[in-house]
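Asks: Same order as they appear, the protein sequences are chains A and B.
Residue numbering for the first sequence follows numbering that gives the first Met the number 0, starting at 0 and increasing by one per position.
Residue numbering for the second sequence follows numbering that gives the first Met the number 0, starting at 0 and increasing by one per position.
For the record, the hints were derived by calculation from the structure and aren't laboratory data.
Even for Gly, the Cβ is constructed at its ideal location relative to N, Cα and C.
Hints may be right or wrong, so weigh each one.
Some, not all, of what chain B presents toward chain A, calculated at C-beta under 10 angstroms [as the list claims (entries may be wrong)]:
hint, residue
1, Phe-135
2, Gly-160
3, Asp-163
4, Ile-201
5, Asp-203
6, Leu-256
Pulled a few chain A residues facing chain B out of the computed Cβ check, cut under 8 angstroms [unchecked claim]:
hint, residue
7, Phe-40
8, His-59
9, Leu-131
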Amino acid sequence: MSEREVQERPLPRPTRISAPFWRGAAEGKLLLQRCRRCGLFIYYPRPFCPRCLAEELEWHEASGRGRVYTYTVVRRAATPAFAAMVPYVLAIVELEEGPRLVTNIVGCRPEEVRVEMPVRATFERLSDEVGLVLFRPDGMETDSADPEGQQ
Amino acid sequence: MDLRGRAAICGVGEVGPFREASDRTAVELMLEAGRLAMVDAGLEPAEVDGLLVAPLLVGAPVTLPSMLAEYLGLSPTYADIVDLGGATAAGMVWRAAAAVAAGAARAVLCLTGEAVDPESFYTRGVRWPGLPLPEFERPYGPMGANSGYAMIAMRHGYEYGTTDRQRAKVAVDQRQNACANPRALFYGRPITVDDVLESPVIVDPLHLLEIVMPCSGAIAFVVARPEVAREGLHPPVYLLGFGEKVTHSMPSHAPNLTTSAVAYTARRAFEMAGVEPQDIDLVSVYDCYTITVIVTLEDAGFCPKGRGGPFVEEHDLTYRGDFPVNTHGGQLSYGQPGLAGGASHVLEAVYQLRGEAGERQVRDCQLAFVQGNGGIMSEQVSLILGVEP
């Protein structure tokens with residue numbers, strides 16, 4: 000993927016609340032918040048716990064392991080920015096810690112993705128402040144650092 | 000609040016749907032539908048003292064209710080906007096009924112409509128600073144609602160074995176219904192299961208013919224006190240029960256993607272109405288995609304959970320069938336004129352309960368179940384409508 004196409008993609012715009020998450024991803028870490036009062040793991044970042052309303056949250060580096068809760072293969076680009084990527088896998092991954100997130104599955108062909116497949120986080124660094132959290136099949140080592148390894 | 004029999008729909012207006020908006024604006028379409036609904040109710044603007052307005056999907060201004068009230072000649076004692084995505088119209092019905100029951104208004108006009116430019120439908124740049132959807136979902140390339148419902152269908156297939164053919168049957172039967180509705184965009188164009196399966200896969204496992212088509216149009220209705228409705232030009236259509244629940248916005252945050260909040264909203268509506276799923280004569284449920292209908296039928300209790308696929312295969316969903324569903328064609332065949340798409344399910348229930356559905360009239364139609372659904376099965380509103388209070 001060229002730098003120009005990356006730039007055209009709708010990129011996350013970190014806020015005061017979410018900046019540590021996106022910076023963590025740029026550094027190769029999947030950060031979740033955890034409520035110090037009730038123990039809930041929280042994704043996406045918030046200023047307070049949505050279960051007990053406590054403001055005492057701490058950042059916790061997640062294991063990066065999870066399972067594909069469900070997925071689809073996007074065969075028509077939603078916007079021109081994604082035209083060069085089709086077909087690509089859009090998925091909901093359920094993390095070991097509990098939260099689910101929308102992401103892409105990379106590092107394998109779309110036909111190889113399965114519901115409940117184990118996956119592990121991989122990161123696409125876009126700047127010092129922003130990285131995307133992607134997932135690849137767990138246990139399938141590839142020799143490429145390029146998360147779009149199949150292309 | 001128990002609203003059973005406390006209000007009735009006594010006027011409806013339908014404009015379009017149109018494949019192209021041409022030079023019509025969404026506001027023009029909504030106002031025309033509003034005029035038609037008041038005429039149909041036999042009410043003049045001075046007699047309509049409530050207004051509920053659906054947000055416009057593109058470039059909506061603030062204070063839309065007062066702008067439209069002024070245009071229509073209304074001075075409402077109750078005015079608001081209802082913002083529940085595809086569940087907006089169904090949400091309007093019970094809100095209007097609640098306002099009427101509370102004495103805030105005697106007759107409430109409800110407006111929905113849209114003029115869609117298909118070219119800009121997915122490409123318009125929406126920025127909502129601080130809201131999670133653009134920040135945590137859009138960078139990964141979701142395809143509007145398409146990819147959300149595709150992920151529901153994928154998981155439903157994994158958990159329950161629901162097949163492409165079963166989902167396709169929904170589109171085929173509803174198309175047969177559309178062939179008895181001259182207003183439907185796909186009137187006169189019947190399809191087969193093979194047509195659906197041979198149409199291109201857009202987002203696995205959903206095919207093109209399982210996906211709703213955005214279009215332009217408007218639908219309005221008047222909800223009034225029973226004594227106002229009974230003096231109208233048509234038999235009143237009473238609200239007998241409702242239920243509403245909002246569980247999430249992004250599909251990643253749904254408590255469960257294959258069991259929706261319909262399980263709650265339908266149970267509540269049936270309890271309020273004092274009827275059971277087997278008493279229903281017409282099922283008029285949101286169908287942005289084929290899978291939406293299957294999940295909704297299961298969660299509303301028309302069949303056991305996970306059996307929606309076999310159920311739609313075993314039953315004839317057409318207006319002449321043993322289990323009529325979306326007799327106007329559903330949005331899949333009628334078209335989806337923005338938030339008026341959800342209103343089409345209310346409108347068809349009114350036509351059927353009044354006995355005005357023409358060629359597609361369901362015989363002896365007394366009770367209808369309506370479901371509004373917004374987002375990725377995020378907002379749910381169930382209604383039970385009937386000819387007796």
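Asks: So, for every hint listed, does it hold in this structure?
Replies: Cross-check of the supplied hints:
no.: 1; hint: Phe-135; in the structure: holds (5 angstroms)
no.: 2; hint: Gly-160; in the structure: violated (12 angstroms)
no.: 3; hint: Asp-163; in the structure: violated (14 angstroms)
no.: 4; hint: Ile-201; in the structure: holds (5 angstroms)
no.: 5; hint: Asp-203; in the structure: holds (4 angstroms)
no.: 6; hint: Leu-256; in the structure: holds (6 angstroms)
no.: 7; hint: Phe-40; in the structure: violated (13 angstroms)
no.: 8; hint: His-59; in the structure: violated (18 angstroms)
no.: 9; hint: Leu-131; in the structure: holds (6 angstroms)
Going through the hint list in order, the structure does not satisfy hints 2, 3, 7, 8.
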